[in-house]
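J.: The opening position of the sequence shown corresponds to residue 12 in this note's numbering, with each subsequent residue numbered one higher.
Errors might be hidden in some of the hints.
[Said to hold, decoys possible] Result set (DSBU-like, lysine-lysine): computed pairs, CA atoms no more than 30 Å apart in a straight line:
#1 K117 x K40
#2 K65 x K131
#3 K67 x K41
Worth flagging that the hints you see were computed from the coordinates, not collected in a lab.
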Amino acid sequence: MLFGKKPGYDPDYDLKLEESLAQNEYPGKKLAVARAAEHTSLCAQVCTPDVWDKYKHVVSSGPAKWTLARAINTGVMYPDSFVGCHAGDRESYDDFRDFFYPVIEKYHTGFSMEKGSPPKGAPSERMDPARITVDLCDSAKEKIASTRIRLARNLSMFPLNPGGSRESREEVADLMAKVYARIPSDSDLAGEFFLHTKISDTERQALIDDHFLFRG
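All chains, full assembly: derive it from the sequences and hints.
T.: Dropping the structure here:
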């Protein structure tokens, strides 16, 4: 089953549902093979027949209208994945909690979805690099040439990226353009907003060369 607006299938941009999942059937044989392999994705570890039966007819209450079939599609089609699942909207995490909660806790060892980890201090205080008190050993200092910290935020009124449509992505871009336009030019947050659909090949390559643009 393909989800795309152009003829043919582009593996980089079109969604292809695995055959069993396209029929909303449990891909038991493939998950059994995945569990017997040397590497087993978190998706295959957690998505048992009982979990599948509990959620196979559930649709997320958020804007993506996500399903468990959509959530585990990556892990079934690509068993070498480390995690192997995606949430379509913020509501997916709670709507499919017996699936997503264990996945998150397996990924973040020692973290409890029930207890959480309340942030301390104001956002500006939490972003202060002076709060990092761990010193690097001499060996690390010799080997590490540079470090990048990537921050990502989602907007609660929109689907998460896996559940987004062209229309929702355009709405996000329009909203963020308005937000960036309100930032004073002399602010340390000021910058230039690049749209993938409007930048030239030269600009795109320059962003790649400067390590600002990645394909992910």
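J.: For a C-alpha distance cap of 30 Å, please report whether K117 and K40 respect it.
T.: Cα-Cα ~23 Å, so holds.
J.: Checking one constraint from the list: CA of K65 to CA of K131, max 30 Å. Satisfied?
T.: violated (36 Å)
J.: Within 30 Å, alpha carbon to alpha carbon, are K67 and K41?
T.: holds (17 Å)
Hint compliance for this structure: hint 2 alone is broken.
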